[in-house]
Amino acid sequence: MDFSLDLLLNAFISGLLLGGFYAAVSVGIAISFGMLDVVNIAHPAFILLGSYVAYIGNTYFGLDPIVAAVIALPAFYLLGMAVYQIYYVAFESRDDQALRGLSFFFGLLFITEVSLVLIFGVDYRLVEARYIGPSLHLGLFDLPGRLLVPFIVAMAMVLGLQAFLSRSFLGRAIQAVAQDQLALRLMAADPVRIKRIAFGLSIATAAVAGAILIIIQPIEPSIGREYIGRVFAICVLGGLGSFPGMVIAAMTLGIVESLTATFFGPSWAPAVAFGVLLVTLAVRPSGIMGR
Amino acid sequence: MRTLPFALSLILVAAGVFAFGRWLGNSYAFFAGYVVVQYIVLGTAWNILGGYTGYVNFGITAFFAIGAYSTVVLHKLAPVLPLPVMIVVGGVLAGIVGLGTGYLTLRLRGVFFSIATLALAVVVQTLITNWDFVGGARGAYVLRPRTAPLIGGEYMQYLCLIMLGLGVIVLVTARSIQRSALGYGFAAIRDDEGAAEASGVPTLRLKLIATTLSGAFMGMAGAPLPYYVTYLDPASGFSLNYAVNAIAMPLIGGTGSWLGPVVGAVLVGGLQEYLRVTISSAVNVLVAGVLMVLFVIVAPQGIVGLFQRKR
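Taken in sequence, the protein lines are chains Y and U. Under the working numbering, the residues of the first sequence are numbered 1 to 291, in order. Under the working numbering, the residues of the second sequence are numbered 292 to 602, in order.
Warning: the hint list may mix true and false statements.
As the list claims (entries may be wrong) - Selected chain U positions facing chain Y (Cβ under 10 Å, derived; list incomplete): (1) 298; (2) 299; (3) 302; (4) 314; (5) 342; (6) 392; (7) 396; (8) 406; (9) 409; (10) 421; (11) 424; (12) 479; (13) 542; (14) 576; (15) 583.
As the list claims (entries may be wrong) - Not the full set, but computed from the structure, chain Y residues with beta-carbon under 10 Å of chain U: (16) 167; (17) 261; (18) 265.
Said to hold, decoys possible - Estimated spans, in silico, between C-beta atoms of each pair: (19) Y/124 / U/441: 45 to 53 Å; (20) U/376 / Y/4: 27 to 35 Å; (21) Y/134 / U/592: 56 to 64 Å; (22) U/437 / Y/266: 22 to 30 Å; (23) Y/120 / U/376: 53 to 61 Å.
Treat the hints as calculated values from the structure; they're not laboratory data. Yeah, the Cβ is synthetic: ideal placement off N, Cα and C, and Gly gets one too.
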């Protein structure tokens with residue numbers, strides 16, 4: 001095996017950039033699972049839906065994938081609100097989240113995946129944009145555009161959401177729901193309405209995450225499953241609901257995966273997330289920045 | 292009904308089904324029958340953990356494929372071994388993996404166990420894909436013997452008979468658990484784990500028993516698969532269809548009792564076989580997912596629950 005500083009450094013950098021993308025993928029789960037306690041295992045399926053929206057916008061209308069995602073944001077927000085409404089009426093209000101609520105999301109994951117297969121087939125799809133081919137050369141390391149642009153978009157989204165959650169009235173209300181729903185009810189606020197908005201937001205992030213996913217790699221409907229282990233590993237490792245913890249965890253996982261792919265072969269990379277998840281659950285279930 | 296008469300009548304039913312298949316003399320009947328009975332086993336295995344204790348296992352394909360791939364390995368190393376021995380080996384291996392996963396994650400909230408099992412399916416698939424001895428990503432061929440041992444006729448009939456036998460074992464186990472102290476312990480965990488723990492139910496030990504049993508039965512259901520498909524690759528062995536069907540069938544039939552998964556598997560499995568022949572195989576996989584989502588929203592107690600309420 002060739003081992004050189006050059007290779008190590010570049011694997012490290014691309015892992016860091018990949019980690020930024022993982023943060024964008026996980027931010028929706030950090031909101032839904034970490035703050036609202038809604039275990040949305042179908043989130044990766046919504047991300048793939050976002051990828052296909054970006055694909056359609058790019059291929060048929062010549063839009064930049066990220067612009068297409070931004071246009072699709074309101075639709076995803078509404079979709080998220082609708083999904084939460086069904087979830088609330090059918091499961092949360094009946095206090096039946098564990099078995100049937102989880103199965104509901106699992107069913108959504110499966111239905112979305114099979115529908116995408118029926119519509120688009122199992123061929124790999126990709127998008128075109130000016131920044132996908134070239135790389136930025138900085139001395140020893142290369143910054144490939146197809147990783148750099150997603151990294152910047154992802155970081156902008158995570159920082160924007162963090163600012164929204166900590167500064168705005170609505171954002172603070174969402175954090176209040178995460179802390180104590182009963183107290184919120186006693187102050188005459190409606191936790192269900194706030195959770196609906198927050199869940200809509202979490203699904204809206206999937207539109208952007210999907211667009212940057214298809215910039216990073218060609219997609220087909222079943223790759224969403226690979227992200228389930230990753231996003232939950234990141235959220236658990238980061239400490240549920242903590243954005244800074246999530247970003248650190250995402251970059252750690254990105255770097256470890258990139259090093260694994262460079263030195264052991266890319267087919268081993270999906271196993272890394274599971275190892276991280278199991279070790280975290282066994283050793284420190286509250287995560288690195290847990291409450 | 293006591294356990295022994297119940298087991299005997301199940302054996303009679305299984306023998307009747309098999310005799311009917313022989314009388315039909317149609318080999319498609321055995322292929323379709325095998326699939327439906329396989330889902331009865333898989334659904335019941337899932338239900339022992341999911342329905343009885345309320346812990347959701349999404350990693351069905353991991354356990355199922357461990358069983359299937361242990362048969363591939365044994366077929367390469369010692370092809371003379373009879374299939375029932377391979378099934379036992381596959382079951383033991385899958386049971387050990389179930390115990391290990393449970394031991395690491397079951398002390399936490401149930402949802403972490405579910406997430407860990409989802410990730411487990413991905414990691415076992417990664418391991419198998421990277422393991423050249425069992426064919427890696429290319430897959431492995433397992434040639435089916437031409438004739439069945441003991442009973443004569445096509446080998447497929449033998450596979451179907453084995454699966455029926457497995458079905459009887461799993462159903463008798465599931466039913467006797469339901470009516471034993473173990474089953475009441477499981478139900479206590481499902482209804483209120485904190486209260487169960489406080490009244491002296493050894494919750495962790497019971498949960499570990501459930502995960503081990505459930506995983507072992509899933510592995511057993513998967514063990515004959517290589518002989519059924521004759522070509523096994525990771526993409527088909529880890530197909531999400533198995534996972535969705537194994538969860539959908541108990542939820543559609545009803546999770547509270549042993550009968551639910553049977554009703555669900557016969558109805559949904561039969562419907563899928565029918566749709567596969569009449570419409571297309573792409574639509575038939577969608578059916579289980581859509582029905583599952585509809586049932587968990589509209590009829591949380593499943594079909595069995597609907598009839599119990601009317602009485």
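Evaluated hints:
{"no.": "1", "hint": "298", "verdict": "violated (29 Å)"}
{"no.": "2", "hint": "299", "verdict": "violated (33 Å)"}
{"no.": "3", "hint": "302", "verdict": "violated (32 Å)"}
{"no.": "4", "hint": "314", "verdict": "violated (37 Å)"}
{"no.": "5", "hint": "342", "verdict": "holds (8 Å)"}
{"no.": "6", "hint": "392", "verdict": "holds (8 Å)"}
{"no.": "7", "hint": "396", "verdict": "holds (5 Å)"}
{"no.": "8", "hint": "406", "verdict": "holds (5 Å)"}
{"no.": "9", "hint": "409", "verdict": "holds (5 Å)"}
{"no.": "10", "hint": "421", "verdict": "holds (5 Å)"}
{"no.": "11", "hint": "424", "verdict": "violated (15 Å)"}
{"no.": "12", "hint": "479", "verdict": "violated (15 Å)"}
{"no.": "13", "hint": "542", "verdict": "holds (6 Å)"}
{"no.": "14", "hint": "576", "verdict": "holds (6 Å)"}
{"no.": "15", "hint": "583", "verdict": "holds (5 Å)"}
{"no.": "16", "hint": "167", "verdict": "violated (30 Å)"}
{"no.": "17", "hint": "261", "verdict": "violated (12 Å)"}
{"no.": "18", "hint": "265", "verdict": "holds (8 Å)"}
{"no.": "19", "hint": "Y/124 / U/441: 45 to 53 Å", "verdict": "holds (48 Å)"}
{"no.": "20", "hint": "U/376 / Y/4: 27 to 35 Å", "verdict": "violated (50 Å)"}
{"no.": "21", "hint": "Y/134 / U/592: 56 to 64 Å", "verdict": "holds (59 Å)"}
{"no.": "22", "hint": "U/437 / Y/266: 22 to 30 Å", "verdict": "violated (41 Å)"}
{"no.": "23", "hint": "Y/120 / U/376: 53 to 61 Å", "verdict": "violated (44 Å)"}
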